[in-house]
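Visitor: Here is how the chains run, residue by residue.
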Amino acid sequence: MLYVNIYISFYLLCIYSCTYSFGAILYISTCLNPKFRFKTKRPICETGRFYLSHATKYPTLERVMSVKKLVFMGTTALIGLVLVTLPFMSIPALSKTEHSEAIAARLLSDQPFVGLSTTPPDIKKPDWYNKVTITYTVSKNGTTADVNEVASLANATLNDSRGWSQLGANFKQVASGGMFNLILSQGSLLPTYSSGCSADWSCRAGNNVVINTDRWTGASTAWNSGGGTLRDYRHMVVNHEVGHWLGHDHASCGGSGQPAPLMQQQSIDLMGCTFNPWPLKGELFTSRF
Amino acid sequence: MKIKQRAQRSKPTLRHPKRVIIISAVALVLLAVGSYAFMSYQNWNDLEKRSGEASAALKSKIETTLGSKESSTPVADQIDAIVKDFERKNGENPCESPRLYEWQTAFPALKSNKTTCEQKLANARATIDTLKPLSTFLKDQARATTVLMATIDATKAPTDYTAASASWKTLSTSGELTQTSDFTPISVSIIASAERISTAYAELATANKDETRTAFDQALEKLNVAYGTLVTVTGSSQVEQTRLVNAIITVYEKL
Chain A
476 MLYVNIYISF
486 YLLCIYSCTY
496 SFGAILYIST
506 CLNPKFRFKT
516 KRPICETGRF
526 YLSHATKYPT
536 LERVMSVKKL
546 VFMGTTALIG
556 LVLVTLPFMS
566 IPALSKTEHS
576 EAIAARLLSD
586 QPFVGLSTTP
596 PDIKKPDWYN
606 KVTITYTVSK
616 NGTTADVNEV
626 ASLANATLND
636 SRGWSQLGAN
646 FKQVASGGMF
656 NLILSQGSLL
666 PTYSSGCSAD
676 WSCRAGNNVV
686 INTDRWTGAS
696 TAWNSGGGTL
706 RDYRHMVVNH
716 EVGHWLGHDH
726 ASCGGSGQPA
736 PLMQQQSIDL
746 MGCTFNPWPL
756 KGELFTSRF
Chain B
5 MKIKQRAQRS
15 KPTLRHPKRV
25 IIISAVALVL
35 LAVGSYAFMS
45 YQNWNDLEKR
55 SGEASAALKS
65 KIETTLGSKE
75 SSTPVADQID
85 AIVKDFERKN
95 GENPCESPRL
105 YEWQTAFPAL
115 KSNKTTCEQK
125 LANARATIDT
135 LKPLSTFLKD
145 QARATTVLMA
155 TIDATKAPTD
165 YTAASASWKT
175 LSTSGELTQT
185 SDFTPISVSI
195 IASAERISTA
205 YAELATANKD
215 ETRTAFDQAL
225 EKLNVAYGTL
235 VTVTGSSQVE
245 QTRLVNAIIT
255 VYEKL
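Protein chains in written order, with my numbering: chain A, 476 to 764; chain B, 5 to 259.
The hints are simulated quantities; they were obtained by calculation from the structure and are not laboratory data.
Any given hint could turn out to be false.
[To be verified] Here are the simulated DSS-like cross-link-like pairs (lysine-lysine), alpha carbons at most 25 Å apart as the crow flies:
1. 647(A) to 756(A)
2. 606(A) to 226(B)
3. 93(B) to 65(B)
4. 53(B) to 63(B)
5. 160(B) to 93(B)
6. 160(B) to 600(A)
7. 600(A) to 213(B)
8. 226(B) to 600(A)
9. 599(A) to 213(B)
10. 136(B) to 213(B)
11. 160(B) to 599(A)
12. 600(A) to 173(B)
Just chain A, with the same shape it has in the complex:
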């Protein structure tokens, strides 16, 4: 912008000086020229005298001012004016290509898709994701008990934050092909799962975690006489038998009044311990995973 201003100022100065030169030339060639003396009294010459008074300070000027010199000076002034004007006239004009480029740039400037974030969303892994999934099936054998009730309570027990889920396991019931089978079985049928299983108690045989229907519906004498609730017993029996499947053997009471280890046979005898349906901290290990 500064250059443009300088240029315009220079241009105006040139116009002024050219006009002034022309005026001076005309004044000298007419008003001061002896051949045209009769015109000197005309108002234009009077005005010219006022503006171009300096010219009269040079007495020799009118003598040297021949017509040839006047023509030469006039032509030079005109050429100067043209030379000054030409580049100035070309400044604001854009070439065809520049116009095309400017238009193309404007037409391409409206691209709302540019800047649109197409980065995939940050999907946080759900809590279950980092846990080991242990699948199991639920069924019944020779009993009329409600298997859905067993399934519901077993799922709540196994995934309870106080239970085996503390191992980083996520227990999931599946229709078939589970890693173990939770079976609610009639007591008399328990020995069919293994010779080591008794008709009186619940049992784990291989991948079969078998809950005795009699214990499921009525807990055990020791439990009931100690004042334990049926719900706690159910938590305990499910956790205990699944504990065997996880690789735990039986444990003993650590001391009178202490919570019984989950793997203690609490159905038979508490041995001075208090009821405990959940694994103790020392029991939170497994050989399965």
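Start from chain A and add chain B according to the hints.
Guide: Here is chain B on its own, set in the frame of chain A:
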């Protein structure tokens, strides 16, 4: 005697009214022919002027409207204004002369005048015809971007995968994704991407519900790939826009 002489002198004018009529008629014919010739000249002169004006006015309008880089007015609206202005000024065929002069196109020079006019007008109309699709394209693109952006924002960090799937499904069936212009291929791509994303979210929801790690991982991978296709969509939109702009510049330079 004097009276008689005077009467004899004035007789010729009165005796030959036919001559007066002929002279008048010839004068009238000459006047009519002269006027017709003058009006014809004016007509063809105007035609040349009009043909140049239509083209030059459009060129000037494009340069003043679209030549400026900084403008808050959307490009589509600027294009619409140019098109509207051109159609208002050139609704009737400006190269069409009144029937009184039309026959004169039998003269090669005048026919050439008309041909030049039609050529200039055709160039101007061609420019208008290339501007219109870009305007439609930009409007479709703006509408698509709005719905796309809304869906992307709504599913930025989803916890409910089923809802996210539904959002993308809604986008894929949205009427905002028009399929009637040069934007159609991009619309089709967006719909395809939206459907892929919707499907991926649905699978993610199922995997989450079933707590199946492998299925969850697969769905997540599918989701990332589907989002990747959106990048391709935006790229192809730019390519299409550039193609339309190049077409405009080509015809504009012929103006």
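Visitor: Does each hint fit the structure? Answer for all of them.
Guide: Hint by hint, here is what the structure shows:
1. 647(A) to 756(A): 23 Å, holds
2. 606(A) to 226(B): Given that 25 Å is the threshold and the Cα spacing comes to 22 Å, the pair holds.
3. 93(B) to 65(B): 12 Å, holds
4. 53(B) to 63(B): 15 Å, holds
5. 160(B) to 93(B): 50 Å, violated
6. 160(B) to 600(A): 15 Å, holds
7. 600(A) to 213(B): Answer holds: residue 600(A) to residue 213(B) is near 13 Å, not above 25 Å.
8. 226(B) to 600(A): Holds, at roughly 15 Å.
9. 599(A) to 213(B): 15 Å, holds
10. 136(B) to 213(B): Violated, at roughly 50 Å.
11. 160(B) to 599(A): Holds: residue 160(B) and residue 599(A) sit about 11 Å apart, inside 25 Å.
12. 600(A) to 173(B): With Cα atoms ~23 Å apart, residue 600(A) and residue 173(B) stay inside 25 Å; holds.
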